[in-house]
Amino acid sequence: MRQSSPPDGPVRAGLRPEQAAMTILQSYIFRRVVQMFLSALLPVLGIIWTTQALQRINLVTDTGQSIGAFVQLATLILPTVIPLVLPFALAIGITQALATMNSDSELTVIESAGGSRGIILRPILGLALAVSAISFTVDNFVEPVVRQEVRQMIASANADLLSSVVQENTFRKIADGLYIQIGGRRGGGVLTGIFVGDARDPNVEFVYYAREGAIDEASSALVMKDGEVHRKLPDGGVSIIKFDSYAFDLTEMTRKVGAATLRAQDQDLFTLLHPDPADSNYQRRPQTYVAELHRRLTEWTFPIIFALIALVVSSDARSHREARLHPTATALLLMLLFRWMTFYAANGAEDTGLFVPLMYIIPAITTILCIRQLSSNKRLVIPKTFQEKFADLTGRIRLLRFGNSDREAR
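Residues in the sequence shown are numbered from 1 upward in steps of one, following the working numbering.
Careful: at least some of the hints might be erroneous.
Stated by the list, open to error - Label pairs and their in silico Cβ distance ranges:
no.	residue 1	residue 2	range
1	G236	R200	12 to 22 Å
2	T23	Q287	44 to 54 Å
3	Q52	S27	34 to 44 Å
4	T137	Q35	16 to 26 Å
Unchecked claim - In silico DSS-like pairs for lysine-lysine, Cα to Cα no more than 25 Å straight-line:
no.	residue 1	residue 2
5	K225	K173
6	K173	K232
7	K225	K242
8	K232	K242
Calculated from the structure, these hints are not laboratory results. Glycine included, C-beta positions come from ideal geometry on N, C-alpha and C.
Start from the sequences and build out the full structure, keeping to the hints where you can.
Structure below.
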């Protein structure tokens with residue numbers, strides 16, 4: 001007796017046709033949203049990353065570091081940008097994907113077939129949870145390590161000023177009011193044609209000239225030989241003193257720039273939970289550690305909250321004739337308002353603990369309002385007065401456009 005082959009597709013997986021259809025539909029929605037999410041994430045991430053990297057270009061220009069050091073620094077900056085961009089990119093991807101599906105009447109078909117909002121909500125909220133997990137990991141474990149590495153890299157570059165600033169025929173600013181230039185180099189680390197301008201003291205200016213000199217690494221001093229120093233007083237008088245040897249001390253400057261100072265933003269989650277009482281930065285501003293800890297515990301939820309906002313404004317089928325702002329524009333306005341409120345609360349928490357509860361209240365209220373709106377299965381409707389004004393505005397624009405077209409045709 002011939003055995004029948006097992007059924008293919010969803011039936012073989014033990015799913016009813018209705019369940020299989022919903023699974024396929026949810027996979028389709030998930031795919032569409034992920035594509036739009038990546039399309040929004042990568043360009044915005046690239047622009048912000050480039051802007052942040054260019055702000056550190058002075059590492060190359062001021063300290064004489066190689067382009068390789070700049071590329072390394074720019075790469076380390078990338079994880080610090082990701083948590084800021086992820087929530088906005090996710091919301092833009094959701095609204096764009098659902099707006100496209102609405103334009104193609106796909107949302108209308110789902111609604112007409114009796115499909116619930118859960119078909120749309122489940123894949124999108126699953127993606128939002130995954131993005132929030134990524135944001136939490138980057139913000140609490142990856143970014144602190146990267147920030148510490150960046151600060152150490154900048155500190156090392158500044159500590160290397162004694163060797164990097166002395167470039168031939170180039171004025172180099174190594175501190176406020178302090179400039180150095182050399183004419184050339186000889187073997188053994190000998191520098192020739194040394195010029196030093198020191199205007200750090202507002203009451204007197206010094207200008208040093210020397211035929212040659214060298215850097216004493218042990219004492220962090222520039223030792224100049226066979227030169228003279230010009231001392232200019234506020235009344236315009238100038239005194240000139242010649243010297244056979246003179247040591248220009250740079251110890252304080254190199255000590256100041258050579259050590260990396262770690263702030264609250266640079267600490268990992270465990271350090272924020274149990275800060276070192278002996279940390280000088282913690283002793284000066286302990287409240288910043290409290291504010292940073294609560295920021296880390298709240299901001300990782302922003303992708304979920306932004307996804308809920310995006311779903312509220314774009315998950316229902318709408319007629320093309322219905323007056324409303326584009327879902328992406330509406331979502332961006334709401335998200336910027338939400339981000340401004342949380343940013344204000346986080347900044348206030350750095351000065352007083354009274355703002356700390358706000359850092360939790362604002363996300364909690366926003367989440368509750370979004371869930372309530374979604375569970376009610378009601379559309380987010382523009383008030384009648386705004387609808388009338390919007391319809392009047394679009395009508396005027398349409399008349400102007402068609403009026404100009406008629407004039408051009410004549």
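- Item | Non-conforming hints, listed in increasing numerical order | Result: no hint breaks.
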